[in-house]
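**Q** Chain B: place on chain A using the hints.
These are the residues of each chain, in order.
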Amino acid sequence: GAVVSQHPSWVICKSGTSVKIECRSLDFQATTMFWYRQFPKQSLMLMATSNEGSKATYEQGVEKDKFLINHASLTLSTLTVTSAHPEDSSFYICSARDSAGANGNTIYFGEGSWLTVV
Amino acid sequence: QKEVEQDPGPLSVPEGAIVSLNCTYSNSAFQYFMWYRQYSRKGPELLMYTYSSGNKEDGRFTAQVDKSSKYISLFIRDSQPSDSATYLCAMSHSGYALNFGKGTSLLVTP
Chain A
1 GAVVSQHPSW VICKSGTSVK IECRSLDFQA TTMFWYRQFP KQSLMLMATS
51 NEGSKATYEQ GVEKDKFLIN HASLTLSTLT VTSAHPEDSS FYICSARDSA
101 GANGNTIYFG EGSWLTVV
Chain B
1 QKEVEQDPGP LSVPEGAIVS LNCTYSNSAF QYFMWYRQYS RKGPELLMYT
51 YSSGNKEDGR FTAQVDKSSK YISLFIRDSQ PSDSATYLCA MSHSGYALNF
101 GKGTSLLVTP
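Top line first, the protein sequences correspond to chains A and B.
Under our numbering, the first residue of the first sequence carries the number 1, and numbering increases by one thereafter.
Under our numbering, the first residue of the second sequence carries the number 1, and numbering increases by one thereafter.
Check each hint, because a few of them may be wrong.
[Claimed, not checked] Interface residues of chain A toward chain B, partial, derived using beta-carbon atoms under 8 angstroms: (1) F39; (2) S43; (3) L44; (4) L46; (5) T49; (6) T106; (7) E111; (8) V117.
What the hints contain is simulated information worked out from the structure, not anything from laboratory work.
As the structure is a computational prediction, the values presented were derived from the model and not from experiment.
C-beta: ideal position from N, C-alpha, C; glycine also.
Chain A extracted, bound-state conformation:
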């Protein structure tokens, strides 16, 4: 089946530094990718929608200058958490839409990236 790869799986960084998380669709082209964050025992919260070759669309309350999203190719989107602070510690998950798949418009998720800011 379709696979979405996310890297790194976990990262620990110092407060004030920036961290980049990559999301790749391995066997399909994804014109649209999504970035979520999930706090413990909570559901996924959509942060932004990433469209290949254009600016991302951010959800209300998500700072676009803090969470930089780049979708430079049909198989890769990146999320950069800039000037990270402990409150940014969370589980970040990407998903990609396979519009050409058998089910049509199926969305597949990456394995997630655990970010801990110390």
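**A** Structure of chain B alone, referenced to chain A:
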């Protein structure tokens, strides 16, 4: 009112039981309905995908969508301890961004 409502549980059943998981929603424009399984500290895994109303079966899993009642269900037959996870319902009107329920935590005991 949230667009998607899902009882967070936890739901505990003995091995072999039939599990019924449900979600209700308020947006009649939703057309795509999905169930995801999420193990602890992992990304969600797509289990079932349904477009519009009807039933869909895949192995031990059956998904039902009743658009008239704005109600979707996931049934798991012959439940196994390995089915213990959080089950998230998700839906969309355009096939783009998903609206998630909070997830139901399921525990299948041996």
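**Q** Hey, does the A:V117 contact hint survive, CB to chain B under 8 angstroms?
**A** Constraint on A:V117 not satisfied, violated at 17 angstroms.
**Q** Is the hint on A:S43 kept, meaning its closest Cβ partner in chain B is under 8 angstroms away?
**A** holds (4 angstroms)
**Q** Minimum Cβ distance from A:T49 to chain B below 8 angstroms?
**A** Holds, about 6 angstroms.
**Q** Minimum Cβ distance from A:L44 to chain B below 8 angstroms?
**A** holds (5 angstroms)
**Q** Hey, does the A:L46 contact hint survive, CB to chain B under 8 angstroms?
**A** Cβ of A:L46 sits 6 angstroms from chain B, so the hint holds.
**Q** Could you check if A:E111 really has its C-beta closer than 8 angstroms to a C-beta on chain B?
**A** Result: holds, 4 angstroms to nearest chain B Cβ.
**Q** Per the CB criterion, is A:F39 less than 8 angstroms away from chain B?
**A** violated (12 angstroms)
**Q** Is the hint on A:T106 kept, meaning its closest Cβ partner in chain B is under 8 angstroms away?
**A** Nearest chain B Cβ about 6 angstroms off; hint holds.
The structure fails hints 1, 8 (numbered hints given earlier, in ascending order).
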